[in-house]
Amino acid sequence: MKALVWLCLLLLLTTCLVVACKQSTFTEYTIDRSSCNGCGECSRVCPNDAIYYDTLGKAVIDQSRCSKCAKCVAVCPNSAIY
Amino acid sequence: MRKVCSSMSKQRYLLITLIILSCSLAAQNSWKTEFIASVGDKEPLWIGRSNLNAELYIKPNLALNFRTKLESSDALEREFPQKTWSNSALSIKYTQPLLTAEASYRSTLWGSSKALNLYPVDSPGLDFRRNAEHQSSLSLSSEFQKLRGSAFAIHRQLRARPVSYVYDWQTDTTISEVHAEKGLDNVYAGADAAYQIRPYLRAGAFVRHSEAHFDRADSYRMDAAGLNAELEHKLDSNTRILGHFVWTNRFNENLSPESRNLLQSGVRIQRTLLPGLNSFVSYQNNSCTDAGLDTLYLISNQIRAQIQYHFSYDPDKDSYLLAGAKFSKSNEASAFFSEAQSRIMNRLYARIGWKWLPELYVQYNGRLGYFFYGLGEMYLLYQKHEPFPLQTADFHYLGFGSSIYF
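Taken in sequence, the protein lines are chains F and R.
Numbering follows the numbering used here, in which position 50 of the first sequence is assigned residue number 130; successive positions increment by one, without gaps.
Numbering follows the numbering used here, in which position 169 of the second sequence is assigned residue number 173; successive positions increment by one, without gaps.
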């Protein structure tokens, strides 16, 4: 049973890796909440004032304001933006 | 006038007393100061950084958290469009068995900032010089048996000076005019409700609203509603699986109809492989579809894996090896990194690090630190930053700093 669970997980990860190799059809940047520490570096460089902080102090990108310049991707110390 | 001054002084004394209290009574406080200078072919540049973190438990169920960062340099550094930057956050959290309430305030101050075309919608010839941003938020959450409800409201105000440009045909020059500072407001609000279906599965619904109060405000109004499900399961004593799925129906003028329905999913597997060796693998995907749910489009995705090992020879767990990779071809945001720190003598630690963002830069770090147990640390650091394309010259930084724990 345990081996089956691990096999399923392996299959799931392989599928994820294959899907991850695709190019996006729409550009939107998202913040990985589990990696964000709310340091503020992304909002510091954002030229559109498109980043705010939620009630847990994690950065959120306001998609209606974002111009997809990707400056936040370069400065994030935890590589939390994708 | 005297009354106003006296009241201001009282407020200031109260604030100072509060900060001193929070700094002296709390358990996990730190103050870090760092000075860095660029060396090499580039024009000399110095950067000063200071971080203060403090947490205070006023009562067992009432916590106060304060942190502030200040960074200043004598010239604009790399991507940062301001010479001075300060970011502070203060929050107070009240917890009861049935209710949790939190109020927070966050401020960002910019000094000698560049004028930016902040709002991309139809504002040619008008830039903004950012001065400050204030954000206040309030959140409430309540849990009753298997039901959980929460709500939040966030207000954000950007204080900026508009800069307009006029072309003078006679002198063939562009003249910039800086106008009076104005406040640009944003409001974000939302509510969530969730039900614990199984010990490992929770499902719920949510609504979101955001709007901006400045020119062409309609463009920045977004309403959203959606459903979500969260999974958390412990496979065995060493393995934990977390997963989530969120469907969001959102409406905004700037979003194309094809991206109206946002589908977000994620899975994360955490495992302790050996004593001291922890790892995780996670996958996140964001896709979208139109109202008719005809075609599914990929927005972004990433697969991330990380491993950390604490060397057993260091009982303080300050000697470690960390390696990780984030693969995100969709938005060209992949990253590969590793870091190792080891005790080389009694209280002397050496750290080396490497970070590679294939489309952007590669960065190398070195650090030599001496720990004063329980009190703090003094260190020397070196950083090399190689931006891509390679025609751009490298940045070399040398610096020293100290951390105090109290």
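These are calculated hints, taken from the structure and not from any lab test.
Check before you lean on any hint, since a few could be wrong.
Just the calculated beta-carbon pair ranges, DEER-fashion [what the hints assert, rightly or not]: (1) R:E336 x F:T94: 20 to 26 Å; (2) F:V85 x R:W50: 53 to 59 Å; (3) F:T95 x R:P362: 21 to 27 Å; (4) R:R152 x F:L90: 43 to 49 Å; (5) F:T94 x R:E83: 44 to 50 Å.
All of these numbers come straight from a predicted model, not from anything done at the bench.
Ideal placement from N, C-alpha and C gives every residue a C-beta, glycine not left out.
Right, here's what the structure says about each hint:
no.: 1; hint: R:E336 x F:T94: 20 to 26 Å; verdict: holds, 22 Å
no.: 2; hint: F:V85 x R:W50: 53 to 59 Å; verdict: holds, 55 Å
no.: 3; hint: F:T95 x R:P362: 21 to 27 Å; verdict: holds, 23 Å
no.: 4; hint: R:R152 x F:L90: 43 to 49 Å; verdict: violated, 33 Å
no.: 5; hint: F:T94 x R:E83: 44 to 50 Å; verdict: violated, 36 Å
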